Amino acid sequence: MKKRTACFLPLVLIIGVFSAFAATIQQPAPKEKDKSIQAPAQQPPAKDKAVQAQAQPEKIFAAPQNIKERTAVYVFVAWLWAAIFVLVYILRLEIKEADRLLELKFYRDGKK
Amino acid sequence: MKAKNIGRSLKAWFEERLGLSAVMNFLGKKTVPQNKHTIWSYTGSAILLFFGIQVVTGIMLAFYYRPTLEEANKSVARIMTEVPLGWIIRSVHFWSASAMIVTVFVHLFSIWMIKSYRKPRELTWMTGVLLLVASLVFGFTGYLLPWDDLSLSATKVGTDIPRSIPIVGEWVTKFLRGGDDVTGDTLTRFFSFHICILPLFLLFLLAVHIYLIQKQGMSVPLSVEAGKEKLAELPFWPNFIYREIIVWLVLFGALITVAVFLPPSLGKAADLMAPAPKGIKPEWYFLFLFQTLKLFPGKILFINGDTIAVFLIVAALVLFFFLPFLDNKPDKLKGKVITWLAWAAIVYAVGMSIWSLLT
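The listed protein sequences correspond, in order, to chains F and S.
Every letter in the first sequence is one number past the one before it in our numbering, and letter 20, counting from 1, is 64.
Every letter in the second sequence is one number past the one before it in our numbering, and letter 28, counting from 1, is 29.
The hints are simulated quantities; they were obtained by calculation from the structure and are not laboratory data.
Since the model is a prediction, treat every value here as computed from it, not as a measurement.
Please note that a few of the clues may not be correct.
[Unchecked claim] Dumping the calculated DMTMM-like pairs for lysine to aspartate or glutamate here, alpha-carbon to alpha-carbon at most 25 Å: (1) S:K37 / F:E102; (2) S:K31 / F:E138; (3) S:K157 / S:E72; (4) S:K31 / F:E113; (5) F:K140 / S:E234; (6) S:K231 / F:E113; (7) S:K31 / F:E141; (8) S:K30 / F:E138; (9) S:K330 / S:D307; (10) F:K103 / S:E171; (11) F:K112 / S:E83; (12) F:K103 / S:D272; (13) S:K229 / F:E138; (14) S:K231 / F:E102; (15) F:K140 / S:D272.
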């Protein structure tokens with residue numbers, strides 16, 4: 045029973061990571077920022093280069109734009125780390141078992 | 002029951018054609034030496050992990066990226082602001098590139114310190130150095146692709162360096178730029194290098210490198226080689242691979258976290274006519290070379306200072322490449338000198354990089 049739970053736990057966590065990931069995908073990008081980036085193409089021909097340079101943002105910073113998107117990203121990272129911790133815990137148990145079998149020379153005949 | 006039979010016959014069908022049982026047998030019998038240096042062997046697989054992430058995220062970015070003068074910067078801006086999760090994918094690509102170069106440096110320096118390059122592993126070392134060079138060129142070509150002010154200026158400076166090499170220098174600069182100056186042709190050229198030529202070259206080198214590691218095996222301490230100490234070994238499957246998976250998971254988590262919280266920004270589209278912005282600096286892994294070049298005066302006696310600097314850098318790289326032939330057998334004094342040289346190289350690279358960052 046315990047082993048079965050251990051098998052399902054990473055699965056649940058992985059599903060959690062993907063659902064958090066999917067939640068971030070579903071967030072539409074903010075319209076205001078899109079406009080600022082597309083603005084130079086939509087404007088009529090500018091009189092000089094300086095005007096064009098002003099229309100284009102100096103630097104674009106990539107980050108979640110609203111609270112919903114930010115929360116989704118944080119949830120995704122939290123799920124990811126939770127999944128990693130559980131997987132590491134299970135792997136440590138597996139390592140202990142594999143090392144114990146190695147010490148007992150359980151596979152010696154089969155492998156050499 | 003029926004599904005089990007189908008599974009068995011499918012397995013037999015593949016086995017007959019691919020002979021996978023030989024590979025499984027090999028993996029089952031493969032062992033990894035266990036000693037105080039084993040920890041460094043995890044850096045090798047970490048490089049593979051980061052390279053895999055680079056390939057996957059690189060393909061995703063290539064769906065939207067357009068390598069033309071007008072579209073390059075706009076398409077990156079679109080990836081960052083319009084494409085769902087585009088900013089995370091770009092950030093993961095950016096950070097895994099740096100992580101890959103860090104692990105390649107750590108891997109090579111650990112091999113240098115423990116002197117695993119000695120006979121019969123000379124070719125393994127040499128392919129490793131070529132892999133480092135390929136990773137650096139990957140970084141250099143990728144830096145131009147966002148086509149912002151900083152990347153344009155840094156590429157201008159970077160591609161100008163070979164010009165100081167006598168006879169072939171001018172040709173090398175023209176070849177890199179696809180003309181006399183950095184233009185749209187340079188961008189397409191760098192893009193082709195970044196997504197076609199370099200991956201093929203790197204995959205070939207990786208295949209040779211991994212084959213050589215399998216052929217020669219991992220090195221063991223001298224005391225074990227001389228038979229003074231017993232060789233402790235760990236089966237690759239499953240004991241070692243489980244440990245590797247833990248390292249991969251933690252590195253993957255760290256990479257995603259850094260990528261989410263510290264995404265790279267994008268400057269405004271580069272203007273070919275605009276003067277170079279202040280404070281041009283290359284990526285962190287070129288800072289020590291950049292600072293070294295800055296240290297040299299314009300003229301030393303009657304020779305160009307840059308020519309001497311480039312010559313010294315190339316000479317150091319050649320010595321680094323042929324290190325296994327300079328230190329080919331165990332020798333106490335030579336071994337100590339080689340270890341000190343490794344430490345000196347690390348201190349020099351870190352010191353120069355910090356100096357460059359501060360000035």
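A quick look at each hint next to the structure:
no. : hint            : result
1   : S:K37 / F:E102  : 51 Å, violated
2   : S:K31 / F:E138  : 19 Å, holds
3   : S:K157 / S:E72  : 20 Å, holds
4   : S:K31 / F:E113  : 47 Å, violated
5   : F:K140 / S:E234 : 16 Å, holds
6   : S:K231 / F:E113 : 57 Å, violated
7   : S:K31 / F:E141  : 19 Å, holds
8   : S:K30 / F:E138  : 19 Å, holds
9   : S:K330 / S:D307 : 36 Å, violated
10  : F:K103 / S:E171 : 34 Å, violated
11  : F:K112 / S:E83  : 16 Å, holds
12  : F:K103 / S:D272 : 14 Å, holds
13  : S:K229 / F:E138 : 33 Å, violated
14  : S:K231 / F:E102 : 63 Å, violated
15  : F:K140 / S:D272 : 60 Å, violated
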